[in-house]
Amino acid sequence: MNYFPDEVIEHVFDYVTTHKDRNALSLVCKSWYRIERLSRLRVFIGNCYAISPERTVERFPGLRSLTLKGKPHFADFNLVPHEWGGFVFPWIEALARSRVALEELRLKRMVVSDESLELLSRSFANFKSLVLVSCEGFTTDGLAAIAANCRHLRELDLQENEIEDNRGQWLSCFADNCTSLVSLNFACLKGEINLAALERLVARSPDLRVLRVNRAVPLDALQKILMKAPQLVDLGTGSYVTDSRSDAYNKLKSTLLKCQSIRSLSGFLEVVPWCLPAFYPVCSNLTSLNLSYAPGIYGFELIKLIRHCVKLQRLWILDCIGDKGLSVVASTCKELQELRVFPSDPYGLGHAAVTEEGLVAISVGCPKLHSLLYFCQQMTNAALITVAKNCPNFIRFRLCILDPTKPDPVTSQPLDEGFGAIVQACKSLRRLSLTGLLTDQVFLYIGMYAEQLEMLSVAFAGDSDKGMLYVLRGCKKLRKLEIRDCPFGDVALLTDVGKYETMRSLWMSSCEVTLGACKTVARKMPSLNVEIINEHDQTEFCLDDDEQKVEKMYLYRTTVGPRTDAPEFVWTL
Amino acid sequence: MSKENGKHSLESNAAGLNFEETKLTLGLPGKTRGPTEIGAKSGTKRGYSDTIDLNVESSSQKQSESDDNGVVIDEASASKPPPAKAQVVGWPPVRASRKNVMKSCKFIKVGLDGAPYLRKVDLEMYNSYNQLLTALQDMFSSCLTIRNYLNERKLMDPVNGMEYLPTYEDKDGDWMLVGDVPWTMFVESCKRLRLMKRSEAIGLSISKEISKM
Chain A
1 MNYFPDEVIE
11 HVFDYVTTHK
21 DRNALSLVCK
31 SWYRIERLSR
41 LRVFIGNCYA
51 ISPERTVERF
61 PGLRSLTLKG
71 KPHFADFNLV
81 PHEWGGFVFP
91 WIEALARSRV
101 ALEELRLKRM
111 VVSDESLELL
121 SRSFANFKSL
131 VLVSCEGFTT
141 DGLAAIAANC
151 RHLRELDLQE
161 NEIEDNRGQW
171 LSCFADNCTS
181 LVSLNFACLK
191 GEINLAALER
201 LVARSPDLRV
211 LRVNRAVPLD
221 ALQKILMKAP
231 QLVDLGTGSY
241 VTDSRSDAYN
251 KLKSTLLKCQ
261 SIRSLSGFLE
271 VVPWCLPAFY
281 PVCSNLTSLN
291 LSYAPGIYGF
301 ELIKLIRHCV
311 KLQRLWILDC
321 IGDKGLSVVA
331 STCKELQELR
341 VFPSDPYGLG
351 HAAVTEEGLV
361 AISVGCPKLH
371 SLLYFCQQMT
381 NAALITVAKN
391 CPNFIRFRLC
401 ILDPTKPDPV
411 TSQPLDEGFG
421 AIVQACKSLR
431 RLSLTGLLTD
441 QVFLYIGMYA
451 EQLEMLSVAF
461 AGDSDKGMLY
471 VLRGCKKLRK
481 LEIRDCPFGD
491 VALLTDVGKY
501 ETMRSLWMSS
511 CEVTLGACKT
521 VARKMPSLNV
531 EIINEHDQTE
541 FCLDDDEQKV
551 EKMYLYRTTV
561 GPRTDAPEFV
571 WTL
Chain B
1 MSKENGKHSL
11 ESNAAGLNFE
21 ETKLTLGLPG
31 KTRGPTEIGA
41 KSGTKRGYSD
51 TIDLNVESSS
61 QKQSESDDNG
71 VVIDEASASK
81 PPPAKAQVVG
91 WPPVRASRKN
101 VMKSCKFIKV
111 GLDGAPYLRK
121 VDLEMYNSYN
131 QLLTALQDMF
141 SSCLTIRNYL
151 NERKLMDPVN
161 GMEYLPTYED
171 KDGDWMLVGD
181 VPWTMFVESC
191 KRLRLMKRSE
201 AIGLSISKEI
211 SKM
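Top line first, the protein sequences correspond to chains A and B.
The letter at position 117 of the first sequence is residue 117 when you use the working numbering, and the numbering goes up by one with no holes.
The letter at position 129 of the second sequence is residue 129 when you use the working numbering, and the numbering goes up by one with no holes.
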């Protein structure tokens, strides 16, 4: 089979980089499996409970970068109890013990303790990059350990984590001879930071390209930092409050004129909008703009700002931009590829909101759009059909109508036809989220047309088991299915249990599934972990009563059987 | 596809909750709507209403008309009482960090007599009346500037010398002159700001003088 020495094959494999492709290589034959596993540098594990840390390290002894995901996606919305699991410590322990030369660790929705961060910081001499997304369980003490001990740190990227602030001086813990920083993002930190230490750190980091600061960094400090780092490519401001006549503001204006490399802008956590003109020169170069944490920018000032952003490819914004504002985006941002519109008034009944009009305008003006997350007040079938026609290239399409069972307000019909048009036109669609009044019909369309669909999120939709079955039968590439508050029950769950082995995971909460059915799945499929999460009514929930409805079920394929770290309200059947 | 295998059945007008497009009415929240159905939908599935505690009257009314500058004019808040809030766990699906973003803002409307648009300002961003005054000047910079008269900073229209007095509506619905109460008390009780032409504000000052007596 092999006509070439291993080194040659390995060299060829170097050009194969995606996880999917590397996995495919390893399945060809035994010797390719061996060569591939020894040469794999980047390992991606989509579910930390699908494989054990020890087996991972055994198979890929040469790994330099590890990506791990823990809790299911719905944990973002408080549907998964905090103590459910997803602990990173055993992984760091295993990596440290095996002397893997770890350089990069990327974690999403995991529980990270200060102890783990300490161990991480001491165990890998060449550690370069730590990226934590939606994680929790650590404090600024853990960050101090990373700062102090990782002498070659290039990247510390903290995105939307829950970090307890111990008012320590973690920023001061970076060694004076640590000059390797390329990327520093601490926007999600809630507490104060040592501004002088930050300034000094930036001054001795000539390679710094990404800097996203938190609320505690005021405008004058930001100006001083930008003076020392005009080469920044990605800037997240902190508190942008001043008056337009102040010295600090005028200094900032001239400093920003020198920052010609900024392509990505975010922050404005606190903002005085009439001081935004300082950023207009930066706006014309921007490819990415995230104002989704800046409720203080709205209306006239927001529109003026957007009008300068002619090269924008990614825009994250709040719905107070309104349909009219989206029209401005549509006429200005012709290169737009990704749009996310978040609700500014999550509980209220928005005078500030967008509707189908804004989305249609975007679809007309931005033909390159391929990723959408859109929280809106209402949607119509006609609009979705139009959007499908204008933008057939969607890869990700996530629509969230704030009243989740709202029908088409014009026709009072369900939104089946609209979403049907989307899945039919968008042949590359990989991710879809649905809301609105929806019957089994929409699932029929999804099963029929969404051939590339990998992830589907459903809430308050469908009429019967048929809906779920259409999807399970039709979507061959489905990897993740998450369902809440739908009338899908045992028949849907049990009809094809083999399907779940082809998927990463299935989440069902507040549906019609019974304990007995879950037990059946577990019995028939030993390669799955079927977890029942029952936080409330623990006394009332009886493991023997098969008739009873299950509050939350999470099942996933695994090579290592039931996990040993489950809390008492999680039963693995 | 039978409807009777143990699914929650949603009585069509149970508690007046149904999911047709909510029409604009003058009724109070909780008033039952007409028994209009949305086809055969309502009876079959676990409805959104089963999971919410309070009636949600989502206003599907869109933004009201805007002026030439593309600035949206908010409707003057009618006598409609504020709608109740939905209480579904995990809905809408946004992260906690995003929900916190909105909670922290205390935006109030600011109107300038004679200007065709309203602005909003977040009072919690300022620590003193001076800062607020400067912000107001910036906000309406095409119409206003600050002049110092006898150690007092006043808002004036530089073109015609007209002075504007900042006034505010407090929790009790009374219109007061800005500046008389301690700052934090002001932030707490201010519901709306209006920059009133001095000529119109005479009545206000006089009534304040009377109340001082």
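Honestly, I wouldn't trust all of these hints.
Calculated lysine to any residue pairs in the SDA-like style (CA-CA distance at most 25 angstroms, straight line) [as the list claims (entries may be wrong)]:
id, chain 1, residue 1, chain 2, residue 2
1, A, Lys311, A, Asp345
2, A, Lys108, B, Tyr126
3, A, Lys304, B, Ala115
4, A, Lys324, B, Tyr126
5, B, Lys197, B, Gln137
6, B, Lys197, B, Asp170
7, B, Lys99, A, Leu456
8, A, Lys304, B, Tyr126
9, B, Lys99, B, Asp122
10, A, Lys477, A, Ser527
11, B, Lys99, A, Val131
12, B, Lys99, A, Asp165
13, A, Lys251, B, Met125
14, B, Lys197, B, Leu123
15, B, Lys120, A, Lys258
16, B, Lys99, B, Tyr126
17, A, Lys324, B, Asp170
18, A, Lys324, A, Lys258
19, A, Lys253, B, Lys99
No wet-lab data here; the hints were simulated from the structure.
In this text the structure is predicted, and so the values were computed from the model without any measurement.
Each hint tested on the structure:
{"no.": "1", "hint": "A/Lys311 - A/Asp345", "result": "violated (29 angstroms)"}
{"no.": "2", "hint": "A/Lys108 - B/Tyr126", "result": "violated (37 angstroms)"}
{"no.": "3", "hint": "A/Lys304 - B/Ala115", "result": "holds (19 angstroms)"}
{"no.": "4", "hint": "A/Lys324 - B/Tyr126", "result": "violated (30 angstroms)"}
{"no.": "5", "hint": "B/Lys197 - B/Gln137", "result": "holds (15 angstroms)"}
{"no.": "6", "hint": "B/Lys197 - B/Asp170", "result": "holds (19 angstroms)"}
{"no.": "7", "hint": "B/Lys99 - A/Leu456", "result": "holds (24 angstroms)"}
{"no.": "8", "hint": "A/Lys304 - B/Tyr126", "result": "holds (24 angstroms)"}
{"no.": "9", "hint": "B/Lys99 - B/Asp122", "result": "holds (17 angstroms)"}
{"no.": "10", "hint": "A/Lys477 - A/Ser527", "result": "holds (19 angstroms)"}
{"no.": "11", "hint": "B/Lys99 - A/Val131", "result": "holds (23 angstroms)"}
{"no.": "12", "hint": "B/Lys99 - A/Asp165", "result": "holds (20 angstroms)"}
{"no.": "13", "hint": "A/Lys251 - B/Met125", "result": "holds (21 angstroms)"}
{"no.": "14", "hint": "B/Lys197 - B/Leu123", "result": "holds (22 angstroms)"}
{"no.": "15", "hint": "B/Lys120 - A/Lys258", "result": "violated (32 angstroms)"}
{"no.": "16", "hint": "B/Lys99 - B/Tyr126", "result": "holds (23 angstroms)"}
{"no.": "17", "hint": "A/Lys324 - B/Asp170", "result": "violated (32 angstroms)"}
{"no.": "18", "hint": "A/Lys324 - A/Lys258", "result": "violated (33 angstroms)"}
{"no.": "19", "hint": "A/Lys253 - B/Lys99", "result": "violated (32 angstroms)"}
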